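> For the sequence shown, the working numbering assigns the number 26 to the initial residue and increments by one for each residue that follows.
Since the hints were made in silico from the structure, they are not lab data. Just so we're clear, the structure is a prediction, and the values are computed from it rather than from any experiment. Virtual Cβ for every residue (Gly too), placed ideally from N, Cα, C. Check each hint, because a few of them may be wrong.
Subject to a maximum C-alpha distance of 20 Å in a straight line, what follows is the list of computed SDA-like cross-link-like pairs (lysine to any residue) [said to hold, decoys possible]: (1) Lys-126 / Leu-110; (2) Lys-90 / Val-161; (3) Lys-90 / Ile-175; (4) Lys-90 / Glu-140; (5) Lys-126 / Arg-80; (6) Lys-126 / Gln-170; (7) Lys-126 / Ile-79; (8) Lys-90 / Ile-111; (9) Lys-90 / Leu-63; (10) Lys-90 / Gly-138; (11) Lys-126 / Glu-113; (12) Lys-126 / Glu-71; (13) Lys-126 / Met-165; (14) Lys-126 / Asp-105; (15) Lys-126 / Gly-138; (16) Lys-90 / Val-174; (17) Lys-126 / Glu-81; (18) Lys-126 / Gly-85; (19) Lys-90 / Glu-71; (20) Lys-90 / Leu-61; (21) Lys-90 / Ile-79.
Now the in silico label distances, taken between C-beta atoms and shown as ranges [stated by the list, open to error]: (22) Glu-71 / Thr-137: 22 to 30 Å; (23) Gly-138 / Glu-71: 18 to 26 Å; (24) Val-118 / Gly-78: 25 to 33 Å; (25) Pro-178 / Arg-84: 16 to 24 Å; (26) Asp-65 / Gly-124: 37 to 45 Å.
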Amino acid sequence: MTDCESWPKWDPVAFTRVTVTERVGNTTRIDAAQDLNLVDEFFAPEIVCHMAGIREPIRGRAAFKQLLASLVAGFDDIHDTPEFLIAEGDMVVIRETAGGKHTRVFQGIPPTGTEVTVSNNEIDRIVEGQILEQWVGLDMLSLMQQLGVIPTPGHGSS
Numbered sequence: 026m027t028d029c030e031s032w033p034k035w036d037p038v039a040f041t042r043v044t045v046t047e048r049v050g051n052t053t054r055i056d057a058a059q060d061l062n063l064v065d066e067f068f069a070p071e072i073v074c075h076m077a078g079i080r081e082p083i084r085g086r087a088a089f090k091q092l093l094a095s096l097v098a099g100f101d102d103i104h105d106t107p108e109f110l111i112a113e114g115d116m117v118v119i120r121e122t123a124g125g126k127h128t129r130v131f132q133g134i135p136p137t138g139t140e141v142t143v144s145n146n147e148i149d150r151i152v153e154g155q156i157l158e159q160w161v162g163l164d165m166l167s168l169m170q171q172l173g174v175i176p177t178p179g180h181g182s183s
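Sequences and hints are given; from them, build the entire structure.
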C-alpha cells in the first residue's frame, strides 16, 4: 500500500521545463539548426554554449546561430534520435544520436556522400522556459573519422 501524501507534488514549472526540453531534445533541436529563426523561441537571448573542442564559450543568440549553421552546413537529411533525457532542478541532460549525409563542403572537407552518425551528450540549464546555458559534448572525432579525415584506429595504413 502506498501513501499518496508522500508522493512528490506536481510542479507546473518543472513540468513546463521538461516539456520545453523534450521539444528541444526531440525534433525541434534539429529544426532549430536548419531554421535558425526557431533559436529565438527555444534559446535565451543571452545563451552561453560550452562546446567540447571550442576554447571559449559561444555567447548570445547571433553567435549561437552561427555555430549551429556551421555544424549543419555540409549535410542533408539531418535527423536526431534522443536516447534519454533526465531533468533535475533547472538542469536537463540529453543523450542523442544525430546523423545526415555529407553533401556539401564542411569545415573545408569536400563532400564525400557519406552517411554519418555522431553521438552527443548535452546538459542544458533552463530558465523561464528557454535554454540559457548548455554544455555540448558532440563526438567530432568520430565525425572526422567517418569523413575520412582522421584514420580510425586499426583501420589506418601501415
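> Work down the list of hints and note, for each, if the structure agrees.
Evaluation of the provided hints:
1. Lys-126 / Leu-110: Violated, at about 26 Å.
2. Lys-90 / Val-161: Cα-Cα ~15 Å, so holds.
3. Lys-90 / Ile-175: violated (27 Å)
4. Lys-90 / Glu-140: violated (24 Å)
5. Lys-126 / Arg-80: violated (28 Å)
6. Lys-126 / Gln-170: OK: Lys-126 and Gln-170 at ~14 Å, within 20 Å.
7. Lys-126 / Ile-79: Violated, because 24 Å separates the two Cα atoms, which is more than 20 Å.
8. Lys-90 / Ile-111: violated (25 Å)
9. Lys-90 / Leu-63: Holds. Lys-90 to Leu-63 sits at ~10 Å (cutoff 20 Å).
10. Lys-90 / Gly-138: violated (25 Å)
11. Lys-126 / Glu-113: violated (35 Å)
12. Lys-126 / Glu-71: Given that 20 Å is the threshold and the Cα spacing comes to 32 Å, the pair is violated.
13. Lys-126 / Met-165: Given pair Lys-126, Met-165 holds - Cα atoms ~15 Å apart, limit 20 Å.
14. Lys-126 / Asp-105: holds (13 Å)
15. Lys-126 / Gly-138: The given pair, whose Cα atoms are some 6 Å apart, holds under the 20 Å limit.
16. Lys-90 / Val-174: violated (26 Å)
17. Lys-126 / Glu-81: The given pair, whose Cα atoms are some 29 Å apart, is violated under the 20 Å limit.
18. Lys-126 / Gly-85: violated (29 Å)
19. Lys-90 / Glu-71: holds (12 Å)
20. Lys-90 / Leu-61: holds (6 Å)
21. Lys-90 / Ile-79: holds (15 Å)
22. Glu-71 / Thr-137: 22 to 30 Å: violated (37 Å)
23. Gly-138 / Glu-71: 18 to 26 Å: violated (39 Å)
24. Val-118 / Gly-78: 25 to 33 Å: 19 Å Cβ-Cβ, so the 25 to 33 Å window is violated.
25. Pro-178 / Arg-84: 16 to 24 Å: Taking Cβ atoms as reference, Pro-178 and Arg-84 lie about 36 Å apart, which means the hint is violated.
26. Asp-65 / Gly-124: 37 to 45 Å: Given range 37 to 45 Å: violated, Cβ gap about 26 Å.
Against the hints set out earlier in the document, violations occur for numbers 1, 3, 4, 5, 7, 8, 10, 11, 12, 16, 17, 18, 22, 23, 24, 25, 26.
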